[in-house]
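**Q** Could you build all of it, start to finish, from the sequences and the hints given here?
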Amino acid sequence: MTGNAILQADTGWLILLVFSIIWVTLGWWLGRNAKGLDEFMLAGRRVGLALGTATAMATWVTSNTTMVAPQLALQMGIWGMIGYSLGSIGLLLFAPLAKRIRELMPHGFTSGDFIRLRYGNMAWRIFLAISLFYALGWLVSLGMAGGVLINALTGIDYQLGMSVILAVCVSYTLLGGLRAVIGTDFIQTIVILTGIVVLATLVISEVGIDRMHESLLEERPQLLNLLFPAAIMFLFNNLLFGIGEIFHSNVWWSRAFAFREGVGFKAYLLAGLFWTPVPIVAGFVALAVPALDINIPAADMVGPLIAAELLGTGGAILVFIVIFSALASSLDSLLAATSDLVLTDIYKGHLRPSASEQQLAKAAHWVILGIGLLTWLLCLPRLTTLAGLLYLTGAFVASTIWPVAAGLYWRKTNPTGASLAMFLGTVIGLYCYFNIGFYVAALVSAAVSMSLVLVSTWIAPRQFDWAALSNNEHRINDVAEVKSS
Amino acid sequence: MIISSQALSLIIYVSTAIVAIAVIALLVLWLKDSAGGKLW
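Those protein sequence lines, which keep their order, are chains Z and H.
Mapping to my numbering: the first sequence position 272 is 272, numbers consecutive.
Mapping to my numbering: the second sequence position 36 is 1036, numbers consecutive.
Under the rule of at most 27 Å between Cα atoms (straight-line distance), these lysine-lysine pairs were calculated in the DSSO-like manner: (1) H:Lys1038 with Z:Lys99; (2) H:Lys1032 with Z:Lys266; (3) Z:Lys362 with Z:Lys35; (4) H:Lys1038 with Z:Lys266; (5) Z:Lys412 with Z:Lys99; (6) H:Lys1032 with Z:Lys99; (7) Z:Lys35 with H:Lys1038; (8) Z:Lys99 with Z:Lys266.
Just so you know, these hints were derived from the structure itself, not from any lab.
**A** Here you go:
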């Protein structure tokens, strides 16, 4: 063992090796028949309810859920984990949007498609900047989480562990596209949920909730305080952050396009309902810290350290497998969806408008590799805590909630209002992030964005023709026309 | 305003039960989709 690590490094390597082989082989097998861009990027647009629900859940149960939820419970107590669980509101609210998206754009590819067709080029480019920054921030936070987890549990070097996890996810996404991502997501969901239920049950039986409550009352009563101001602020901030993440991100839009007709609404609704308690179940274990009187060297390591402290080697192995699955299920989805966005909206939309489908299919692989490499480079130095990095992006994504929602349902919302809402919402949200705190960035950004969309729609209403979205049936081949216009 | 031990227990027990039910529900949906040829 190395330092405070709970598992032998050899055990860590063995688990990494076994699960790496499983995910890569499964990814290859599931994606072996994925021919053409529709199959590679959108799994043939025929994903059923079981796989649809599981992939929405697995993608939203990230390492941030399994590692940051305990961290937030430790820092903000009861509202920390409940606030995190409100992230499910985004999934629930996206259910009707997914139905609407499928109806309006039956042949759409990315969220960028919608913004470009609905609001024009300026809004499209602002949106792409926001979306790509967020995607990269999320990818880096996931990569870092992988390195932190492996280091905390096994003592394997942070950079080495992070590199292995990234390499595995890039490999199977490369081999099988969205089919590989969605297929592995189902198994990863079952592993994650079973693992956290087992851990929670063991923590309840080993420590007991009464004992946890007593110790917290004596040593850190603010964690049980229902009127903890910063935590309540965090709760609303997290709610808006989650909605912003889901409403704008191509991770969720690509699934809306990929799900079989009639599946989107049900899949997102079920995923939201089932996801709601996950941060509570994963997070409450941190409330056992005072009762167990253990030393937590870094807040984002609290989950794995408690499991290992309570459950010994078996607990450490279980937590390792759960978080490895959570990491993989989100990393692969994000890699696939971000590469779709870069491929269609940057490469095809801006750099090579005349690229054929065959050239795009080839470029798709290079884009996945490139994004994986960039993420790896940014993860090499461990720059900030996971929560800090995650919530910086809140200022960006919350600014997109109103332009997206209003754009899908209101004809009258205009392009200038949507562009200003995204730009100024982000700038003012960032100002508040740096000058007030991470827990207000999304809140302020969403408020500014909402005000601008409402006021601009009221001042200068437009009559958008919904058919302009569905007429764009061969979108992959017509970006050049829109760009030149 | 401190949350009581009973309320904390309720939140944790109910949450854990829902997650356990989710696992079963997903497996049932898989079987149903698989039987109907609607998995993919």
